[in-house]
Amino acid sequence: MIATGEPLPRVNRSMFAPRVIWVMWRRELVRYGRNRSQIFGGLSRTVLWLLILGFGLGASLRQIEGYSYAQYILPGVVTLNVLFASLQSAIALVWDRQVGLLREVQVSPAPMLSVALGKLLGGATIAVAQGSIPFLFIPIIGVPFSVTKLLLAWAVMFSMGVFLTAFGVVLASRMRTFEGFGSISNGVIQPLYFLSGSIFPIRGIIGGVGFLDIPEELRNELARLGVYAIGGGWVVQLPVWIRVLVFANPVSYQLDLLRFVLLDFRQLPMVVDLLVITILPVIAALVAAVAMAKRS
Amino acid sequence: MPIVCENLGRRFEDVAAVESVSFRVEQGEFFALLGPNGAGKTTTVHMLTTMLKPSHGEASIAGFDVRRQAHEVRSVIGMVFQEPALDDRLTARENLQIHAALYGIPGRRVKERIEQALEWGQLANEARRMVRTFSGGMKRRLELARALMHDPQFLFLDEPTIGLDPQGRRHLWESIAALRGRGLTVFMTTHYLPEAEACDRVGIIDAGKLVALGTPAELKTSTTGSTESTLEDVFIELTGHQLRDEEATPRDRLLNFARQGGEHTR
Numbered sequence: 001m002i003a004t005g006e007p008l009p010r011v012n013r014s015m016f017a018p019r020v021i022w023v024m025w026r027r028e029l030v031r032y033g034r035n036r037s038q039i040f041g042g043l044s045r046t047v048l049w050l051l052i053l054g055f056g057l058g059a060s061l062r063q064i065e066g067y068s069y070a071q072y073i074l075p076g077v078v079t080l081n082v083l084f085a086s087l088q089s090a091i092a093l094v095w096d097r098q099v100g101l102l103r104e105v106q107v108s109p110a111p112m113l114s115v116a117l118g119k120l121l122g123g124a125t126i127a128v129a130q131g132s133i134p135f136l137f138i139p140i141i142g143v144p145f146s147v148t149k150l151l152l153a154w155a156v157m158f159s160m161g162v163f164l165t166a167f168g169v170v171l172a173s174r175m176r177t178f179e180g181f182g183s184i185s186n187g188v189i190q191p192l193y194f195l196s197g198s199i200f201p202i203r204g205i206i207g208g209v210g211f212l213d214i215p216e217e218l219r220n221e222l223a224r225l226g227v228y229a230i231g232g233g234w235v236v237q238l239p240v241w242i243r244v245l246v247f248a249n250p251v252s253y254q255l256d257l258l259r260f261v262l263l264d265f266r267q268l269p270m271v272v273d274l275l276v277i278t279i280l281p282v283i284a285a286l287v288a289a290v291a292m293a294k295r296s
Numbered sequence: 001m002p003i004v005c006e007n008l009g010r011r012f013e014d015v016a017a018v019e020s021v022s023f024r025v026e027q028g029e030f031f032a033l034l035g036p037n038g039a040g041k042t043t044t045v046h047m048l049t050t051m052l053k054p055s056h057g058e059a060s061i062a063g064f065d066v067r068r069q070a071h072e073v074r075s076v077i078g079m080v081f082q083e084p085a086l087d088d089r090l091t092a093r094e095n096l097q098i099h100a101a102l103y104g105i106p107g108r109r110v111k112e113r114i115e116q117a118l119e120w121g122q123l124a125n126e127a128r129r130m131v132r133t134f135s136g137g138m139k140r141r142l143e144l145a146r147a148l149m150h151d152p153q154f155l156f157l158d159e160p161t162i163g164l165d166p167q168g169r170r171h172l173w174e175s176i177a178a179l180r181g182r183g184l185t186v187f188m189t190t191h192y193l194p195e196a197e198a199c200d201r202v203g204i205i206d207a208g209k210l211v212a213l214g215t216p217a218e219l220k221t222s223t224t225g226s227t228e229s230t231l232e233d234v235f236i237e238l239t240g241h242q243l244r245d246e247e248a249t250p251r252d253r254l255l256n257f258a259r260q261g262g263e264h265t266r
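One line per chain: the protein sequences are A and B, in this order. Note that this note's numbering numbers the first sequence so that position 17 is 17, with each residue one more than the last. Note that this note's numbering numbers the second sequence so that position 80 is 80, with each residue one more than the last.
Think of the hints as simulated: they come from the structure by calculation, not from any bench. It is possible that some hints are incorrect.
Among the chain A residues that face chain B by a calculated CB cut under 10 Å, a handful are [said to hold, decoys possible]: (1) Pro7; (2) Ala17; (3) Val23; (4) Val30; (5) Arg31; (6) Leu101; (7) Val105; (8) Pro111; (9) Gly180.
Idealized CB from N, CA, C, for every residue including glycine.
All chains, please: the whole structure from these sequences, using the hints.
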């Protein structure tokens, strides 16, 4: 109408539009790049949890299964950053729908599945970036690290990011109005974080070498129960109700795999971890796409 | 092919936002839907533009059913919402780039289209500025230019002049007037009546029902019996003097929250 030149061709109709995925992904990244407060948040969270809590509480706890406390919570702090980044990306949808770009998208012929995919991949990419901040502190806390470990960790974090962004999108699409991220932080992020075995082990030995010597028979007995005692210390057994909540939390399995990648230590069945990490993001992404596409 | 609606209605739970409206807007026409706050103007536009599903009735645009052929409808319309639908952390150009991708404008044509849109909206020098630094009028110009970027046959404007100063309003009308010569059909809602005087036809909606339909001159003669009267007289005559108080919508509440400082998730 305002243009000169030949008319534009008709928009073709397909659910999968790589260009739409690309622009929506890039949009998330550009916004992230311009939002310094988010990067600062990730950094301050890491310092608080990994360094201050890690070394502070670590002074009392000494060791968990042979790892220092700061080492033990490293995967947990990565997860916390992934949680925050994913849910922040997702909850921005509430703004976007009421006073932002989403209505422009909804009234366009672009396929919502591709729009949602761009959003989720964007959220997951930011989650990987934010989740990598704790890696900068690895030299201080002393964990053997390698390129292979980094790539595997990124893969797990990306899957976690897709799942959590999708979960947040479903949540956001049920919210009509929004008055602060506090409720999301306290009501969603922190429960998922605390109940994932991130800051305390589901079971294991805490204490330190020589702290309390475990007799050989007890060690074997424990091994039969699945508790492998390296060194010595107190045997941890969580109250049943907390255990139930931890087992019900999908983040526990993702975190368990991440801990296996980073520290070579797991507490949950590997098969379940792998199933959760591969299948859950796909299902969540589809549910999120449907939630975003739904016309009111 | 025109815009047709037949007994179109939408209920939200127990409340009928639009009870039933039927009208036709011909190709190339400039049509305004008038009504007090909460009369159902925005709901009607949202149904026509496939943003909302009608509860009953039929509507079609250029022969495409808004319910079953949403994709086709969306490809032939351009829309400017009541509140800006821009990403305010992106620049003007970045917003237009997203639009080009959403509407599948071929890659080699994108640059030319974006330049033309920026030129048309008189924003060529602000292309690299973040939209959050724009005034209300600049945002409107950007949105209007964007809505026209993909050569729509129908342009929908929901309360396009809210928040504009007289200069901004004047510029908007001149821009739209210049487009009408080229076969574009314009459908707008407003409760600012002097604007509607220039329309080919107007419909007046109240409490979800269409209470009048015709050219401004026709409505004046039939309602007040005098061609000297204004549309405002017609409007008050038809919709009464009662004040319309509306509850703040979630969008209003969110906007207020944003104005008070908002939140870092934005």
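Legend entry - Interface hint for Val30(A), Cβ within 10 Å of any Cβ on chain B: Holds, about 6 Å.
Legend entry - Restraint outcome when Arg31(A) is required to lie within 10 Å of chain B by C-beta distance: At 5 Å from the nearest chain B Cβ, Arg31(A) passes the 10 Å test, so the hint holds.
Legend entry - chain B contact restraint for Gly180(A) - C-beta distance below 10 Å: OK, holds: Gly180(A) within 10 Å of chain B, min 6 Å.
Inset, instruction - Answer holds if the nearest beta-carbon of chain B is closer than 10 Å to that of Ala17(A); otherwise answer violated. - result: holds, 7 Å
Inset, instruction - Verify the interface restraint on Val105(A): the C-beta must sit less than 10 Å from at least one C-beta of chain B. - result: holds, 6 Å
Inset, instruction - Answer holds if the nearest beta-carbon of chain B is closer than 10 Å to that of Leu101(A); otherwise answer violated. - result: Holds - the Cβ of Leu101(A) comes within 10 Å of chain B, reaching about 4 Å at its closest.
Inset, instruction - Go through the hint on Val23(A) and say holds or violated, using the shortest Cβ distance to chain B against 10 Å. - result: Hint on Val23(A): holds, closest Cβ of chain B at ~4 Å, below 10 Å.
Legend entry - chain B contact restraint on Pro7(A) - CB to CB distance below 10 Å: Holds, because the Cβ-Cβ distance from Pro7(A) to chain B comes to roughly 6 Å (cut-off 10 Å).
Legend entry - Interface hint compliance - Pro111(A) to chain B, C-beta minimum distance less than 10 Å: Holds, about 8 Å.
Of the numbered hints stated above, none is contradicted by the structure.
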